[in-house]
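A.B. asks: As you go down the protein sequences, you meet chains A and B in turn. The numbering of the first sequence is my numbering, which starts it at 235 and goes up by one. The numbering of the second sequence is my numbering, which starts it at 254 and goes up by one.
Hints should not be assumed to be uniformly reliable.
Claimed, not checked - As a list, the in silico DSS-like pairs of lysine-lysine whose alpha-carbon atoms are at most 30 angstroms apart: (1) B:LYS477 to B:LYS553; (2) A:LYS259 to B:LYS472; (3) B:LYS472 to B:LYS547; (4) B:LYS477 to A:LYS355; (5) A:LYS259 to B:LYS399.
No lab work stands behind these hints, which were simulated from the structure alone.
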Amino acid sequence: MEYLIAFFIGGLICVFGQLLLDVAKLTPAHVMTTLVVLGAVLDGIPAGKDDTLYDKLIDFAGAGVTVPITSFGHALVHGAISEAEAHGIIGIITGIFELTSAGISAAIIFGFFASLIFRPKG
Amino acid sequence: MSFRVSRQTWYFSSDVRIRSAGTAVGPKEGNGPLGNEFDIVFDDNYVGEATWEKAEKKILEASINKTLEKAGLVAEDIDMILAGDLLNQIISATFASRTIQIPFIGTYGACSTSMLSLAQASALVNAGYCNLAVAACSSHNSTAEKQYRYPTEYGGQKPPTAQYTATGAGSVLVGRGGTGIRVTYATLGKIVDMGIKNPFNMGSAMAPAAADTLLAHLKDTGRKPSDYDLIVTGDLAGVGAPILVSLMKEQGYEIAPYYNDCGLMLYRKDDPEVFSGASGCASSALVTYGHLLKEMERGKISRLLVLATGALLSPLTYQQGESIPCIAHAVAFEVDE
Numbered sequence: 235m236e237y238l239i240a241f242f243i244g245g246l247i248c249v250f251g252q253l254l255l256d257v258a259k260l261t262p263a264h265v266m267t268t269l270v271v272l273g274a275v276l277d278g279i280p281a282g283k284d285d286t287l288y289d290k291l292i293d294f295a296g297a298g299v300t301v302p303i304t305s306f307g308h309a310l311v312h313g314a315i316s317e318a319e320a321h322g323i324i325g326i327i328t329g330i331f332e333l334t335s336a337g338i339s340a341a342i343i344f345g346f347f348a349s350l351i352f353r354p355k356g
Numbered sequence: 254m255s256f257r258v259s260r261q262t263w264y265f266s267s268d269v270r271i272r273s274a275g276t277a278v279g280p281k282e283g284n285g286p287l288g289n290e291f292d293i294v295f296d297d298n299y300v301g302e303a304t305w306e307k308a309e310k311k312i313l314e315a316s317i318n319k320t321l322e323k324a325g326l327v328a329e330d331i332d333m334i335l336a337g338d339l340l341n342q343i344i345s346a347t348f349a350s351r352t353i354q355i356p357f358i359g360t361y362g363a364c365s366t367s368m369l370s371l372a373q374a375s376a377l378v379n380a381g382y383c384n385l386a387v388a389a390c391s392s393h394n395s396t397a398e399k400q401y402r403y404p405t406e407y408g409g410q411k412p413p414t415a416q417y418t419a420t421g422a423g424s425v426l427v428g429r430g431g432t433g434i435r436v437t438y439a440t441l442g443k444i445v446d447m448g449i450k451n452p453f454n455m456g457s458a459m460a461p462a463a464a465d466t467l468l469a470h471l472k473d474t475g476r477k478p479s480d481y482d483l484i485v486t487g488d489l490a491g492v493g494a495p496i497l498v499s500l501m502k503e504q505g506y507e508i509a510p511y512y513n514d515c516g517l518m519l520y521r522k523d524d525p526e527v528f529s530g531a532s533g534c535a536s537s538a539l540v541t542y543g544h545l546l547k548e549m550e551r552g553k554i555s556r557l558l559v560l561a562t563g564a565l566l567s568p569l570t571y572q573q574g575e576s577i578p579c580i581a582h583a584v585a586f587e588v589d590e
């Protein structure tokens with residue numbers, strides 16, 4: 235059941251992205267930023283004690299909402315808020331990439347190694 | 254008959270003829286239905302070079318050299334080369350001309366560069382400024398994707414209206430007299446922009462430009478579509494070609510029986526990677542210089558009109574929300590009666 239929910243919720247996010255491409259005629263870059271901002275906004279809405287709307291979604295759908303790009307927005311806001319709680323207003327700036335730095339660094343490092351080994355075929 | 258028929262149609266009265274033609278293509282074009290018609294088929298999109306831009310330059314050089322070789326001439330015999338491609342600063346044409354060392358005029362008409370360069374070369378030859386001139390153009394799928402859309406490595410999705418830029422180059426040598434196929438008329442287009450903004454739907458954007466030039470050509474020459482055995486457009490493909498047929502019907506011309514599109518001829522119809530068909534300068538150049546001129550020599554076609562269509566957008570203009578200005582240039586080819 236857990237897998238099924240993850241599959242459907244994750245799939246629905248992808249359907250929304252595809253509709254942005256096909257119906258709203260957004261470019262791939264616009265679709266990506268829209269989904270990231272959406273995840274960030276959902277993580278800014280409080281839902282219950284110490285939880286946000288996006289946290290509730292993770293409780294419900296698990297990987298269905300942590301794998302799509304919306305979770306990047308969630309992680310950006312989460313990092314900023316937790317640093318802000320610890321270090322005050324400056325933490326909003328220093329905390330943005332707190333949780334996402336692993337993903338960003340991994341993308342750069344693995345991208346670099348892949349480019350050493352592979353060559354695009356066209 | 255004078256050279257000038259109207260402000261956009263030229264008549265080449267000095268017996269301007271095709272001396273030779275050369276084509277070079279990538280592997281996908283070589284495997285297509287016209288594969289056997291091309292002079293050189295490379296089996297690798299890099300053509301043994303380090304980058305795709307260098308590969309495109311090499312393909313263009315190969316087609317120009319083949320053209321000269323077929324005519325039994327060397328670069329010193331040629332007065333002028335008019336060439337262009339789809340890249341910024343038309344680098345394929347300029348860098349190929351750096352190697353070949355023929356006086357060079359760069360031409361840019363996006364995918365209409367094939368007939369734009371041939372019309373200008375024919376005019377120079379007709380007027381006597383040149384004895385022999387080469388018209389050439391090239392495109393490469395991977396350089397064009399990078400230039401106009403997204404790098405292929407990025408893997409962006411494409412809608413079914415998208416087209417596949419052909420990898421290849423076509424060149425022709427024109428001179429006065431002899432026995433080759435005659436170049437009789439050129440009708441140069443004006444820019445037509447119907448407000449289409451989607452770079453993945455260039456066929457619809459370009460069809461009105463093709464209709465505008467075709468109407469002007471028919472009016473200026475007093476010809477009917479049936480006076481041609483074949484009228485081809487460069488790269489309207491699956492979406493744009495039916496639009497042109499219906500636009501012409503609205504104007505009272507039935508072109509369907511004589512009409513085809515190079516973008517629909519270059520690849521296998523069942524190839525999903527090409528979406529609605531071929532595009533790029535090479536689409537019209539390869540089909541015309543590689544296939545249709547040979548069909549004329551074989552006696553299958555005696556009068557041919559090639560309407561090369563071009564979408565004159567830049568990545569910057571469409572990112573800034575501008576629509577796509579389009580153009581079409583027509584050249585008429587005829588076999589002696």
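A.B. asks: Compare the structure with the hints numbered earlier in the document and write down the numbers of the violated ones, lowest to highest.
C.D. replies: 2, 4
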